Structures are given as C-alpha cells and as structure tokens.
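Please build the complex by placing chain B on the supplied structure of chain A, with the hints as guidance.
2 protein chains.
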Amino acid sequence: MKQDQMIDIREATEQDVPQLLAFIRELAEYERLAHQVVATVEDLSRNLFGPQPCAHALVASLDSHPVGFALYFYNFSTFLGRPGLYLEDLYVRPPARGLGIGGQLLARLARLALARGCGRMEWAVLDWNQPAIGFYRKLGATPNDDWTTYRLSGNALRDLAAVESAAGISD
Amino acid sequence: MKQDQMIDIREATEQDVPQLLAFIRELAEYERLAHQVVATVEDLSRNLFGPQPCAHALVASLDSHPVGFALYFYNFSTFLGRPGLYLEDLYVRPPARGLGIGGQLLARLARLALARGCGRMEWAVLDWNQPAIGFYRKLGATPNDDWTTYRLSGNALRDLAAVESAAGISD
Numbered sequence: 021m022k023q024d025q026m027i028d029i030r031e032a033t034e035q036d037v038p039q040l041l042a043f044i045r046e047l048a049e050y051e052r053l054a055h056q057v058v059a060t061v062e063d064l065s066r067n068l069f070g071p072q073p074c075a076h077a078l079v080a081s082l083d084s085h086p087v088g089f090a091l092y093f094y095n096f097s098t099f100l101g102r103p104g105l106y107l108e109d110l111y112v113r114p115p116a117r118g119l120g121i122g123g124q125l126l127a128r129l130a131r132l133a134l135a136r137g138c139g140r141m142e143w144a145v146l147d148w149n150q151p152a153i154g155f156y157r158k159l160g161a162t163p164n165d166d167w168t169t170y171r172l173s174g175n176a177l178r179d180l181a182a183v184e185s186a187a188g189i190s191d
Numbered sequence: 021m022k023q024d025q026m027i028d029i030r031e032a033t034e035q036d037v038p039q040l041l042a043f044i045r046e047l048a049e050y051e052r053l054a055h056q057v058v059a060t061v062e063d064l065s066r067n068l069f070g071p072q073p074c075a076h077a078l079v080a081s082l083d084s085h086p087v088g089f090a091l092y093f094y095n096f097s098t099f100l101g102r103p104g105l106y107l108e109d110l111y112v113r114p115p116a117r118g119l120g121i122g123g124q125l126l127a128r129l130a131r132l133a134l135a136r137g138c139g140r141m142e143w144a145v146l147d148w149n150q151p152a153i154g155f156y157r158k159l160g161a162t163p164n165d166d167w168t169t170y171r172l173s174g175n176a177l178r179d180l181a182a183v184e185s186a187a188g189i190s191d
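One line per chain: the protein sequences are A and B, in this order. Using our numbering, the letters of the first sequence map in sequence onto residues 21 to 191. Using our numbering, the letters of the second sequence map in sequence onto residues 21 to 191.
Excised from the complex, chain A in its bound form (with noise of 0.2 Å):
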C-alpha cells in the first residue's frame, strides 16, 4: 500500500443504500449471476434501516472513496446454543484490491462477532472462486464439505404454506 492512502472501515448508514446496491450488482456480476438481483434501493433501506432489521452493512472506503462492502447477519447454532455471524456479501472494487481491504472488512467482522458472543462466523463462496477460497484458508476457514443447503421459492413455497393438513405431505 502507498503510505499516502488511507482506509476506512464504518457502519454503513441509510445514506449509503445506493451504493451498497451498486457494489451488490457488481458483486452479482462478477459472479455471473447479475440476472437474479433484484433488489431495489427502498428493499434495502426497509431490511437495513426500517424498524425491523434483518441485517446489516459495513463500508470500506479507500482515501475516503467507497471501494467494498460486507453485509452480514446473526444466525443460530443449536450445537453450539450461541449466534453466529453469516457474511452474506464482501466486495472489493477490483482497482482496490491487494491493499488489504477485504482481509480488514473481515478482521471487524470478526471483531463484531466476538464482541455479541458469537462461537464462529460462516460464509458460502462458488466452488469456482479459487482465489477467495485461497484467501479464506490462509486465515483457517474450513469448508463444510459434508452439507448441501436446500431452497425452496417461488411457487414451490407458496404450495407448501398453503398445506393445512397433516394428510397433505408424508414423510
């Protein structure tokens, strides 16, 4: 890193909701899946910002330029019968790279993880992003390689919700 640039790591605000859209569309293209965002500015500040959060952002900001983003949650473990915090989205602008800035996102997060007593934090990366999994198990991430998450949407969850029965699915 130049001596001369400077970065910053804060909570995001409602001020920030376009740009953490921006930052997630360009996210959501370099992992070819630009065609499933969308999430519109008004989501964003009424999941983030409204009444009832369901989660929450940091900015990174690079000589006072947002650069990246991490947008997290709590979760649960039943095992552990502790939160733990789920990184949903960490993005660096890819001119801002190899300064640091994803590994410092990280480093808050597990600082806020910590801090709300949380036993571990969890992310999913595509199988084909060598270059992020690299990075993650040279800080000691361990994949679980054994577990596949399942999801149900669309039609297909509003079919279940509509069974009142116990006759309407065997299992």
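Quick caveat, the hints were computed from the structure, so don't treat them as lab data. Only a predicted model underlies this, so the values are computations on that prediction, with no experimental measurement involved. Check the hints yourself; a few may be wrong.
Identical chains blur together in the list; that is why a pair holds if it fits in one copy or across any two.
What the hints assert, rightly or not - Simulated crosslink set (DMTMM-like; lysine to aspartate or glutamate; CA at most 20 Å straight-line):
| # | residue 1 | residue 2 |
| --- | --- | --- |
| 1 | K158 | D28 |
| 2 | K158 | E184 |
| 3 | K158 | D147 |
| 4 | K158 | D179 |
| 5 | K158 | E142 |
| 6 | K158 | E49 |
The following block gives chain B in isolation, referenced to the frame of chain A:
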C-alpha cells in the same frame, strides 16, 4: 394416521427449552455429530427468549406429547433485497415419523416466511441423508450445488479479530 391421533404445531415457550435441548441432542446423534453439542438450557433460554432473541422454535405434539421441533431464524438475501427464513433444525422422533408431522412443521414455516415477506426458505442437509433429500426434493426444493459454506471459529476467529491494520492480511 390413526383417526384418534391429534397433531398440534405451536410456538415454543421458555418452558419448552429442556425438551428442545433433548431434541437437539437426539438430532445430533442421528447426524453422528453428538460430540459437537455443547449448548445448555441457559444458552437456549437466553438466545431464544431473552431480550435479544436470535432464533425461534416450533414444537410439534402428538396426542399432547412433544415429538418434534423446528428451529429457525431470518436471514437476508442481497440479490432479492428481502429476508429469508432459514431452518436450522428439523426433527421428529422416530416413533412419530410417517404421520406427516415434518411436513406440517415445514408448512407452518412456509406460512411464517410468506407472512414476513421472505423470498425463500433454506436449510442445510447432510449429503448422506438420502431419505431427507428425497423428501425435500418432492416439495420442490433445489440444492445450491455450486456453493460451499466456509466456517471460521476458535483460535482462527480470535486471530482474525486481533488484526488491526491493513498490513495484517493481504488479499
């Protein structure tokens, strides 16, 4: 199901915590992960029913006897801009299986998810648990095959939290 068997699904209360912990231990035995369970009654009481709850639970009863549970929390999708419902644990005692109780728990969760404005329901399944996987696929659930969850805990988490400067980690 015999005509005289009554299934009931209700929200857990703090009085259910010892029963929930017993179910969590039985589930861990089934998953061959009993050694990972360190949760106590106090942990669950605080984190489910304290001033800052991080998860919620449903209890399923058969003829007024608790026979299973679901434990869940809300997560967040940046791509959807909406919360999701994450099912951490789903368990029905073996003698009570085949009556549709698991399906009723899932249907109640789907209704909770839609009521909260969630875009999806998600949960993790052990790859060897083919009976569960078959059941979830019948509901229309799809696997996130391209993703792996990474986890940081213990000393690795504490080491990361101790990083204060950009020089500490290079990405």
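Structure-based check of all given hints:
For the identical chains of this complex, K158 and D28 are neighbours neither inside a copy (23 Å) nor across copies (48 Å), given an alpha-carbon limit of 20 Å. Taking the shortest Cα distances, K158 and E184 sit within 20 Å of each other only across copies (17 Å), while inside one copy they are farther apart (49 Å). For the homomeric pair K158 and D147, the shortest alpha-carbon distance inside one copy (16 Å) is at most 20 Å, but the shortest distance between copies (26 Å) is not. When the C-alpha separation of K158 and D179 is checked against a cutoff of 20 Å, the pair qualifies only between copies, where the shortest distance is 12 Å, while the shortest distance within a copy is 43 Å.
In the homo-oligomer, the alpha carbons of K158 and E142 lie at most 20 Å apart inside one protomer (15 Å), although the nearest pairing across protomers, at 28 Å, exceeds that limit. Neither within a single protomer nor between protomers do K158 and E49 lie at most 20 Å apart by alpha-carbon distance, with minima of 25 Å and 32 Å respectively.
Hint compliance for this structure: hints 1, 6 are not met, and every other hint is.
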